[in-house]
Structure formats: C-alpha cells, structure tokens
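Chemist: Fit chain B to the supplied structure of chain A, relying on the hints for placement.
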Amino acid sequence: MSTTITTTTTAGIDVGSGAVKAVVMSFDGDSETVLAKVSSRIRKRDIGDVVDQVFAQAVAEAGVQGIHYVGTTGEGEDIPFATGHFYGMTTHARGALFLNPKATAVLDAGALHARAVAMDARGKVLNYKMTSQCASGSGQFLENIARYLGVSQAEIGGLSLQADDPEKVSGICAVLAETDVINMVSRGISTANILRGIHESMAGRFVRLLRSLEFGDVVFMSGGLAGDEGLVKSLEDEFAGLKSLTGPPPKIATHEDSIFAGALGAAIWGNFRFHKLGLDEIAWEASA
Amino acid sequence: MKRSQIVDWATAIYEDLDFSTVHAWLDEAPGRKAAAYLPVYAPREIIHACGMLPVGIHGTGGIEIIRGDAFYQSYICHLPRSVVELAQSGRLDMLSAVLFPSTCDVIRNLSGMWQVMYPDMYVRYLDLPQVADPKLGAEFWKRELNVVRRDLGEVSGIEATEDRLRASVALYNEVRSVIRELYTARRETPWRVPSEELYLLLRAGEVVAPEFFMEQARAYLGVIEQCDDRIKDRTRVLIAGAFCEQPPLGLIKTIERAGCYIVDDDFLAGNRFMIGDVPDAEDPAAAMAETFVTGAIKTSVLYEPDPAGKRNLMKTRAAAAGADGVIFAAPSFCDPALLDRPMLREGAEAAGIPCIAFKYAENSGQFQQFREQAGTFADSIKLWGDA
Numbered sequence: 001m002s003t004t005i006t007t008t009t010t011a012g013i014d015v016g017s018g019a020v021k022a023v024v025m026s027f028d029g030d031s032e033t034v035l036a037k038v039s040s041r042i043r044k045r046d047i048g049d050v051v052d053q054v055f056a057q058a059v060a061e062a063g064v065q066g067i068h069y070v071g072t073t074g075e076g077e078d079i080p081f082a083t084g085h086f087y088g089m090t091t092h093a094r095g096a097l098f099l100n101p102k103a104t105a106v107l108d109a110g111a112l113h114a115r116a117v118a119m120d121a122r123g124k125v126l127n128y129k130m131t132s133q134c135a136s137g138s139g140q141f142l143e144n145i146a147r148y149l150g151v152s153q154a155e156i157g158g159l160s161l162q163a164d165d166p167e168k169v170s171g172i173c174a175v176l177a178e179t180d181v182i183n184m185v186s187r188g189i190s191t192a193n194i195l196r197g198i199h200e201s202m203a204g205r206f207v208r209l210l211r212s213l214e215f216g217d218v219v220f221m222s223g224g225l226a227g228d229e230g231l232v233k234s235l236e237d238e239f240a241g242l243k244s245l246t247g248p249p250p251k252i253a254t255h256e257d258s259i260f261a262g263a264l265g266a267a268i269w270g271n272f273r274f275h276k277l278g279l280d281e282i283a284w285e286a287s288a
Numbered sequence: 001m002k003r004s005q006i007v008d009w010a011t012a013i014y015e016d017l018d019f020s021t022v023h024a025w026l027d028e029a030p031g032r033k034a035a036a037y038l039p040v041y042a043p044r045e046i047i048h049a050c051g052m053l054p055v056g057i058h059g060t061g062g063i064e065i066i067r068g069d070a071f072y073q074s075y076i077c078h079l080p081r082s083v084v085e086l087a088q089s090g091r092l093d094m095l096s097a098v099l100f101p102s103t104c105d106v107i108r109n110l111s112g113m114w115q116v117m118y119p120d121m122y123v124r125y126l127d128l129p130q131v132a133d134p135k136l137g138a139e140f141w142k143r144e145l146n147v148v149r150r151d152l153g154e155v156s157g158i159e160a161t162e163d164r165l166r167a168s169v170a171l172y173n174e175v176r177s178v179i180r181e182l183y184t185a186r187r188e189t190p191w192r193v194p195s196e197e198l199y200l201l202l203r204a205g206e207v208v209a210p211e212f213f214m215e216q217a218r219a220y221l222g223v224i225e226q227c228d229d230r231i232k233d234r235t236r237v238l239i240a241g242a243f244c245e246q247p248p249l250g251l252i253k254t255i256e257r258a259g260c261y262i263v264d265d266d267f268l269a270g271n272r273f274m275i276g277d278v279p280d281a282e283d284p285a286a287a288m289a290e291t292f293v294t295g296a297i298k299t300s301v302l303y304e305p306d307p308a309g310k311r312n313l314m315k316t317r318a319a320a321a322g323a324d325g326v327i328f329a330a331p332s333f334c335d336p337a338l339l340d341r342p343m344l345r346e347g348a349e350a351a352g353i354p355c356i357a358f359k360y361a362e363n364s365g366q367f368q369q370f371r372e373q374a375g376t377f378a379d380s381i382k383l384w385g386d387a
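Residue numbers (our numbering), protein chains in the order written: chain A, 1 to 288; chain B, 1 to 387.
Just chain A, with the same shape it has in the complex:
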C-alpha cells in the first residue's frame, strides 16, 4: 500500500513515571521538523488529564489542525486517541538517533528505572538491558535525596561538579543509600560531595548495564536524568577509569531535548507506519 500524502504531521506522546512529554513533528520527504515539544511533571495529578493537557498544548504550539498519526510510548498504551503504541526502547533508540545520528547506544535514565539499548544506524534495537526493580539508580531516588538536602533539582548537577572528595554511597539499595546520606549529613559531609557520591554510584550501575551490550563510540543519554551534567560527568569518569576497557571510552552524548527522545521516536515511527500502512486519513482533528 502507498499513501498519496507526502507531507505528514505526527505526534509522539511519552508517558513516563514522572512526567508526560509530547512532540508534534512535520515530515516532508527527508525533512523532519519538530514543530512543538511540551513536557509536564505528573506529580499527583490524574495521568489522563496530564496527557490531555500536554497534548493540547503541543498541538496549539505547533499550530496544526490535524495529525496523521498519534504515536504513544512508555505507559501510554491506554491513551484513547492514539493511533499506535511503540515500546519504550524502540522509541528511545529512534529518538536518540534523531538527536544524535552518531549514537550507537542509548541510556534512558528516567524517574523509576534505567535501560541501556544498543541499536543499528536505522534505529533497530539490537539488544537491551534494564535495571532491576531497585530504585537506587533512578531519578526519583535522586530527587528524594535532593529534597532531604534542601537542593533543587536544577542545582544537583552543578553542585556535583564542585565536589572535591566524593563520599561513596550504596549502589545496591535505595533504602541503604538514603541511610548513608543521613549519616553523611550528620558527619558534616558537604552537599556537593554527597551528590557526587550518589552520581558515581548511579554511574557505576549504568556503566555495568551498558557494558553488557555491544556498541560503538557514542552513547546517547535520554530521559529526565540526561540533563544532569554531574551524572554525565560521573559516567564519563566511570568509563575512563575502567581498566578492562580495550579502546577509548565511549563519548556520552546528551541534547537539550534528551527528555523528549521517547516522544520524538514515537512521532518518527508514527510517520513511518503511516506511510507503510498506506494510510490517507487524519487520525486526530482539532475540531473533533
């Protein structure tokens, strides 16, 4: 089947455990343009309401009246107006390639878990590994610790980079790690050294995940933690310090839109599916 439509508009909605992200994209031949991107923390709100609000805002910002394919990912399986759903690793792999065409693996570090995905140049997932159920490698854990320390999320990365004597934190259990942090505070360890210690612990887990896969020179970081420059630096240092590494350490790449990687992947795959299926109808209309 083939569609007669050459210019398409698609949306990608990534429902994470901490935030909902939506993008609207336009496709014309080889040209892929992001028209709008919106994200919103879920906090204690109804997820359906957050999805509606984020999607409406993205559509309004994009200034489009119709969307050919609404692709969802993450926990977005039940979004009623979706055209199709893609699994998280599929969308993050594709989104990572969109943001950095040199990426050969993606580390998706979100609020509740992290996963490492190796992909080929087309975005086809070759292998993947996920963290176990423990929360100690998650954004939620980091957010909790920051709250105990009286630090805003935006400050975490910068403070971590100022550390001069990082304190080791349990890398296995969030409960033990939180106990460690309480002890450190009472021992007068600086906030920067505590945060860097946590980053190093998380970086250790993430590097172990990545090393269980085969990939090339560039690892792209997606998800909410990709914007944490302290964690990125810890990851680079962790790789650089590996004695068993035969070649140079991989480059850890990020992007200001890293958090939208999943949504971008869903929108791009949505466009692919629209053409593959030979669809010719608008899936979502502003007037409907």
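Take every hint as true, because none was put in to throw you off.
Heads up, simulated DSS-like pairs for lysine-lysine below, C-alpha to C-alpha not over 25 Å straight-line:
no. : chain 1 : residue 1 : chain 2 : residue 2
1   : A       : Lys124    : B       : Lys232
2   : B       : Lys253    : B       : Lys2
3   : B       : Lys359    : A       : Lys129
From chain B, some residues computed to sit far from chain A (all C-beta separations above 12 Å):
no. : residue
4   : Arg67
5   : Asp277
6   : Gly295
7   : Pro305
8   : Gly322
9   : Ala350
Interface residues of chain A toward chain B, partial, derived using beta-carbon atoms under 7 Å:
no. : residue
10  : Glu77
11  : Thr83
12  : Gly84
13  : His85
14  : Phe86
15  : Tyr87
16  : Thr90
17  : Arg273
For the record, the hints were derived by calculation from the structure and aren't laboratory data. Positions of the beta carbon are idealized from the N, C-alpha and C atoms, including for glycine.
Modeler: Frame of chain A, contents of chain B only:
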C-alpha cells in the same frame, strides 16, 4: 443491554470461585444435578441431554493453594493444584459427576485421585479417540459417548433419549455457531472485541446454562456492531498453546495493551473443538462421534497422523486469522503444549512467520516480562516485518 453490563456479568462469574451460578441453577428446581468436565474437550451435549448442567472446571489463579500442593510434585503444572484446592475447600461439593478427558497424564491421575477422594461422585476418564483410522475412531468414540450417556442418565435419573440428545446437539450447534461469530467478529474487527472481554464471556459460558450464555453472547454481538471505536495500529497475533491451564486475565490484557491484537487463540479450546455442526441424524451419538473424528480442530491433545501436520499448522492458522506473528504461550510443565512447540515453531518460522515463546501459570501475577516481550515483538513486526 449495555456492553459494560455484559462484561460486568461475565467478570463477576469469572471471579466467583463459589460457582454461585451453578448453585442458583440447581436451586431453581428440585432434583437438578450438575456434571463438570475438565479441559480440554468433553461432550457437553451428553451432560445436557441427561438434564444436567455442564460445568467447566478450568482451575483458578485466584486462590491460595495449600491442599492442592500436597498432591503434586513441583514439576507438575498449576491447574490440578487449584482444581484439588477448589474441591478440597468444598467449592465443588454441588457436583454429581466429573468427566476427565484424556488431555494428559496429569488429568488422568487427577481422575484417579477423584475416585479415591470422592467415592460417591460419578467419575469418568474419557479416552478421546487417538487413532489414524477414522472408522475405528468413530466407532470407539460412539461407544464411549453411549457409556457416559447411560451412566449420567442413571446419576441424574433422566435418560438421554435419542430425541433429548438430538435437541442437545442442536442447542450446542447453536452455541458453537455463536462462538464462531464472536471469533469472526474479533478476527475481522479486533478493535471492537478486546480479547479480555471475549475470554470473560466464554469463561462465563462454561458455568451457566447454554441458553443463557447465548442470550448474553448475542447481546454482546449486537453491542459491538454499534461500537464506533477506531482501529489502532497494532500487530495481529495468534496465541498458541494455552488450551488447558488458562492464562491469567492479566496476561491476555497485557498482550493486547503491549501493542497486539489477538486474532486467534487456544483459550478454552474445548468449546470450539468441533469445527462445524454435528448433523441432525437418527443416531445422534454416532453423528457426534463422526463429527469429532472427521471435524475436530488440530490440537496437541489429539493424535496427528500426518507427519507434516504439526509443521504446517501455524502457517494454516496464521493465514486463516490474518496473523502477522505467533506467540507461543504455554503453561509451565504443560507436556502437550511444550512437546509440540518445537515442531509448531519450526514450521511457523520456516514459513517466515515471526514467533516468540513464553511460559505462564494460571496464578502468574507479574506481567512486566510478558509486556516487554509482547511489546518488542509487536514493534519488530510493525517496523521491520511485513505488517
């Protein structure tokens, strides 16, 4: 009737481990009796013709197994454990008879245990015909049916005369026809018929009077006809291997939520065991036997005389259902399903049909791994396959 009413009705029956609908039916008139059967296939027409309520016992993942585990080694599937648990907790005391079809050794052993545990109950191990010669098989099965017919008639006090049996055969032809309609509707418009709902409806049909089941099923067919839900971009899959111990409802739901439309399956396969109708004949038992031998589905619990039969089965079924892939979902330790799986999978893959496989138990409670497998499988077909 609203869709939600039908689904709620079926859900309530599915969740009711006390078999209240069976008790209610028995209480409606004095002297009524119920006869149960285990998976996969039992001739419900015979039970019905003897004036009894056919009751499908398909185990449950919904109760804690204490007594059931005492009867079985760790390498035995979960179904007999929950069946024993249901029985030992008194939940099956209302039954007057139980039929144990020749599904596997475990079911056969269970029939022996039943005879020891419940000496006052009629118990019959049903040897389904497993021979290559259809004439011999039909003759054998007719005799077996007539033995059960005679015995159940004695239990119920109602003789299954030729007329009564013919009427029951006609009734179950209707039941099979309605179920075929439901499966056709799901195959053609899977977005209107979530497999979870279809399964609940069929499961309820196992413990209510056939007339009542058809009423509900027809109402459901009417409702989905009006449904204006839009098709979603999902991968059409066939679920193979779940014919005896049933998957938890959460697993069925998870597979569809992960991006698949189930367009064919083996769930509760006994109610679709005969592909077509049993003809109206002077000797209804002979007609049932003939239809069984010549027109039963291809399944792991029946002898397959054609060496290529198993290898071709998934190709044939996937083509008929328009499935893009096959998910082999079998209960842990299910010999019939797991012994057939390599042949079935080899045949499917040789025909270029993508496959994945996993095992479940009726009490599986964690679905994340199934979600991952089904989700990535659906994506791989949508993005890199022919779909």
